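K.L.:
Got chain A sorted already, so can you dock chain B onto it with the hints?
Protein sequence lines, in the order shown, are assigned to chains A and B.
Numbers 1 to 258, taken from the numbering used here, label the letters of the first sequence in order.
Numbers 1 to 258, taken from the numbering used here, label the letters of the second sequence in order.
Don't read these hints as lab results, they were simulated from the structure.
One or more hints might be untrue.
The list treats identical chains as one, so a pair stands whether inside a single copy or across any two.
Said to hold, decoys possible - Pairs of lysine to aspartate or glutamate, DMTMM-like flavour, derived with a Cα cap of 20 Å: (1) K149 / E227; (2) K106 / E162; (3) K222 / E209; (4) K106 / D126.
Note that the structure is a prediction, hence the values are computed from the model and not measured.
Number of protein chains: 2
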Amino acid sequence: MQIIRNPLEWQQQTSTHRQAGRSIGFVPTMGALHEGHLSLIHQSKQENDITCTSIFVNPAQFDNPEDLENYPVTWDDDIVALEAAGLDMLLYPAQGSMYPDNYTYKVVEQELSREFCGEFRSGHFDGVLTVVTKLLNLTHADRAYFGEKDWQQLVLLRRMAEAFFMETDIVPCPTVRADSGLALSSRNENLTPDERRIAPWLYKIISSEMTVAEMRETLEGKGFRVEYLKEFEDRESKKRLLAAVYLGNVRLIDNVER
Amino acid sequence: MQIIRNPLEWQQQTSTHRQAGRSIGFVPTMGALHEGHLSLIHQSKQENDITCTSIFVNPAQFDNPEDLENYPVTWDDDIVALEAAGLDMLLYPAQGSMYPDNYTYKVVEQELSREFCGEFRSGHFDGVLTVVTKLLNLTHADRAYFGEKDWQQLVLLRRMAEAFFMETDIVPCPTVRADSGLALSSRNENLTPDERRIAPWLYKIISSEMTVAEMRETLEGKGFRVEYLKEFEDRESKKRLLAAVYLGNVRLIDNVER
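Next up, chain A with everything else stripped away, as it sits in the complex:
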């Protein structure tokens, strides 16, 4: 497994693969890898000649400095997992190298990105769209893989690729869950043992037959603070119910078909 720190060197290497006619699959991550990430890598390996991952905790997408500071870092474990998964290339950008412009240039979306998570995390999706644009420009990927857990992100990225005529397919992958039903997330690392026992109720409740009002009440009864619980409908897919909740200081999101 090749580890590259210089984005321009990465760009040159992926370009060489592309020119040689090898298809490239790309799985961008912020590290703290779990089975959800690894499922994306497995899928990419099945569909492409070369599979690439990036580990970059993107400061631009954190609306809350504390959240950025507490974001889990598990570098040694990540490397072991990526090697075991048979990853070909890892981009681990040197400090500052992704924002030579100090983030004066942004990609923004003005409708959906302001709703749901965007209503509560100002600027979050600007940061996501901007960094993914950079990473896609660097990677020459045929396909980029994203988990359905971040449903809103997935829709925004798919539409962005279409709006800007990007040549990478945005491939949605099913949410990976623990046996308890809890959607895997790097942020689960920050749950206390007590919170971890409560967390699986999120999925149980939102995938139940209750009304949205009943769900909200039930979640609050279990100790969740509900940020939003709202249906989402777009032209491309069936209706979803999207949820964001807090358990203590930890923010959890999930979604289900509705």
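P.N.:
Relative to the frame of chain A, chain B by itself:
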């Protein structure tokens, strides 16, 4: 000369050239072509195997609906000129095809784009950066050519390409002037005969030895309304003096080394 109206078909054709190892030069325009545009095409032809142009009057970059409405259209002459220049491919996007997203997605810059022309033309550079991003993603160009007349645009585009790791070189080309010194511009078409006699004073005055205050006074004495007249210094080039003025309803810009 191939004329293509469907952006996705254009993308496929340029991709085929690229895969065949042919270098591509690209000259984006809004039509109403003059010798300035043709000089970009000539330079592109010297430096690339294939030269592409687009004619697209980009609504997103017009802050003023009247300006958009009055923007000169000289389609028949443009085609004759492009054929004579030996252009290979022309993209003339079908209505609506460049903004499948209805312009909900934008590329923005938050510092320089708000100064100089940006101070007076709100949203103008958002529209320029957004459309050029789309056109570059569609064209697979090795080099894209822009006139130095639009100095601020050139700097913003060069920095954008760097910020987003775009693989197209942004190539600056010297301003082409009439014998009188007047910088060629599609908007010159809209000058009355009287205004046309006055217009060349803009360049004469800003390239003189006067102070900026004296220049402003002299311009106003000649009948110009000065929008701004201001020095610009960046890390990449020498100091420039940038000017935007009105003659009647026609807005003219120009710049000189300082």
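K.L.:
Could you run down the list of hints and mark each one as holding or not?
P.N.:
Tested hints:
1. K149 / E227: Answer is within; shortest intra-copy Cα gap is 16 Å, inter-copy 51 Å.
2. K106 / E162: Answer is both; intra-copy 17 Å and inter-copy 13 Å each pass.
3. K222 / E209: Classified as within: same-chain Cα gap 17 Å, cross-chain 77 Å, threshold 20 Å.
4. K106 / D126: This pair counts as both: shortest intra-copy Cα distance 7 Å, inter-copy 10 Å.
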